[in-house]
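**Student:** Each chain is listed here by its residues.
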Amino acid sequence: MSETLGDLQQLVMLGVAQLGEEAFGGGIQHLLETVAGRAVSVGTVYVTLVRLEERGLVRSSVRSGQGSVGRPRRTYRLTDEGWQALTDAKASLDRMWDRLDVGEART
Amino acid sequence: MISQQPAWVRAVLGRLLPADYGNDVALSLELAAARRFRGDTPRVRLHLWYLGQLAAPSMILLAVRVRRLDAARPVSRRSRREGWRDGIQGLLRTSRILRRRPLFAAAVVFSLALGIGASVAIFSAAHAVLLRPPPYADADRVVLVWNRLSGFDDSRLPMLPYQVRELRSDSSAFEDVAGIWATARTVALDERAVLARTGLVTPNFFSVLGVQPGLGRTFSENEGLADPTVIISDGMWRQEFGAADDVVGKTVVIDGAESVVVGVLPPDFRLVFPPGVGVPTDLDVFVPFPWVAAAEPGGQRFLRAVARLRPDVGLDVANDVARRTSARLRATFVEMAQAGDDFRVVPLQADAVAFVRPVLVSLLGGVVLFLLLTSSNVAGLILAHASRRKRDLVVRAWLGATRSRLTGEVVAEIGALAVLGTLMGLALGHAGARTLWALRPPELASLPDLSLDSTVLVFAILAGCAAALTASVAPLARLSRADPGPLELREASGAPAVGAVRRWIIVSELALCLVLAVGAGLTSRTAARLQRADLGFDSAQMLTFRLGLSNRLFPGDLERATLAQSVEDELGRLPGVTAAGASSHLPLGVWANWGGPATPPEVPAEERDRHYVDHRSVSVGYFEALGSEILEGRPFREDDGPDSGPVVVIDEALAARAFGGEPAIGRTLIATRYVGQDFVPTEARVVGVVGNVRDRGPEVASQGQLFWPFAQSARWELGFVLRTEEDPAVMSDLVRARVRAVHPDLAVTDFRSMGAYVRDATADARFVQSLALLFSILALTLAAFGVYGVVASSMDARTKELGLRIALGAEQRHVFLRVLNEGLRLGLVGVAVGLVLAAALTRFLRGILFGVDPLDPAVVSGVALFLLLVAMIAAAVPAYRASHLDPVRSIAS
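Protein chains in written order, with the numbering used here: chain Z, 1 to 107; chain U, 1 to 893.
Simulated from the structure, these hints should not be mistaken for lab results.
Quick reminder that beta carbons are idealized off the backbone N, C-alpha and C, glycines included.
Heads up, a few of these hints could be off.
Selected chain U positions facing chain Z (in silico; Cβ < 7 Å) [to be verified]: (1) Leu29; (2) Leu31; (3) Gln53.
Based on the sequences and whatever the hints tell you, model everything.
**Tutor:** Written out as structure tokens, the structure is:
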């Protein structure tokens, strides 16, 4: 997986990771809006999810409906490659941050 | 309070996305809306927001990408239970579809079954003949060594015993070399004598073949020197000795000499020699030919040589040795130099089936054409079916069925039909192969019973797969282009005219069918020509049998001649017999030929060996009984006896060869005469010329025949011909009794009508003809159905257009002619392509044709016209239906 992760992709994946079993588009969008402060449309979230799935970073499965939501739903989880890509992205960011002397930068 | 999501959102999403994505997106939108809007927000703003979300470029992008992702998602990602459920649903859907279209399903299964069945049947027969080894140990190392003589067409000639011995002495290539000569011996059994088919074999014959005896032993190296011994066949052992276990050591009287039975051959033993070399497949008894009798380089060439190669020696090395040996012999012996003896080595199995190979290769070519025809037929049917289902498929694609799923369905349908078709084809093939086997020529009678073995099975399954695969390519290719979109839906409702693929299917079917039908026409003509061929005699109402005149029981020439004359006189007096005669060699008989040089005295001695002709010794009544035409001079008379001057009758071919068109009567020939138990060159006066007789089969012209009067050249056996008024079959017992009345030691055998010999001689041609006819009838049936199916389905697709034309005032006649015209045009193209193919391919049939040109105009034009007619009829039925459409109903459909 030579292609690096985009900013939005990282955020969506982090959302998937946080939501666990219940990760679906609506929940992710909610997190992005409320936690990350990013306003993105539902369509954009899903397109991102589809792209990530194409790259094998997330995997979706269809669950039959339960409770009040009596319709099948597609839920997402990170694949091993997905976790790897996410931690790689974080590590490269961290390395860059580590080399930055915060005090120096401010002067 | 959460505001209500407008109903149209779900409806639009349902259209745009597969169900699961649609739900999730709807739910997500609802959640986002709940965060954004309070319950009192005006509905208009809500509608506008939703509209903006759905119309966003990201949503359109999603719709496209989800579809692509779904198509790429491998089945294995789904849970196993889902997979099973899908599979069962698929099967149910398949069976539903097939049940809804039973005609389509039946047509596909029938086509496949026919194609595979015919292929399996032919392949089984071909396999049984071409690939099965003879029943010898390490049969691939057993070879035949044939002799060639200069000035003699036949390349499968026998050798001098001395030559076999010489070949054997060089052990660099051959483990051992043996020889056989098939003749007849009189075997006395319990007061009756039988004329036994006898193999005179060198003592090592059975070890060269690698045959172990069923009982007792085979011959040892010095066999034939001391007391006479004999090995009998399994059939003889069962028939004449009641399968007694103690037969070994018993004594039988062969030609008056007491011989000890030393062994019985195994039941599956058979001789595997090419037809026409004078070694039948089954012999009753085998007597040893001692090696000491091969010590002298002279005599007659009569031993057919068979050898076993050393394990590490190839055919080319063996041929080198054979050539070297014959060259050495030619350098040593003047007589062999003059005759031009030249040995060559051929594999036994390949040589034995060589005569039938062109036939089988032609048939295999037919199989390939036929399978192609089957494939295009099935492809046409499936294409027609697919176009009817196209609307269904496109709508389902819109409703979210993935392409992989639809592809899976199409494959499942075709697969189910292919499996059914293959199974039925195997059953058909099994039955067909048995029928073919029953029709095989008698030369192949010795082959073991045919069975469908694993190779044939694999072939059938491969054939089925190939046909199904070819058949599914077209609809799958269509499906892959059927990206669900507005355009496709439009196209699905009103289809174009006969499409390019269909046109090609019709054209290829007709072309392939034409080639097969031309092949069948040519072989039929050949068979007809052979059966009507003028043999030079009339074979109707003629009984034949063979009479043994053992030269040990009756050593004197005069004795044998007198006995033969008495038998002929006795039989001639039988009620119902109009003429009786005998010849040392019956026309179309399977026994060894008698050949020798026959030249005018002015031909120098060293050139005489180049003028080999058939020799026969015949009775006084022979020419009349056979119905030969006397062209010049006279037939033999009673006074052409041992004491009068030697005389011969020759056939037209020899007269032309020896005297070049000058009158032959009164001229002199030096020919070989059997007298005093030896073959002696004798000067004889020509007293008559008879018409040529096709002695070796209807397709083989005489190369010259010379007849001695039996009284002057009394050989040790005779084939009798009796011209009868009644059915020849009922007379054999009477004849047997009369012969015994002449002398109790006279043995008779092989009662057959001459018609049976003629049938045997034309069996090959009739075998090929029946196969070719079968092929072309099947091909015609398939092609007719195929053309009909394709034209009908394209008419179906054009129903709306045609209905519109009729509604707009087009005359029925016009519509009919238009559709018919289309069928006819395709027919013409198909026939034209077929003619080109036939011109290229029928050349390969030349080897199996007789008196028919590979592009016989009558056959080719007949077949072409017939196929055009078939194409027209196949197109006329849907054309008629199209012209009688109810315009209202067809447009509304």
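**Student:** Of all the hints numbered above, which does this structure not satisfy? Sort the numbers upward.
**Tutor:** none
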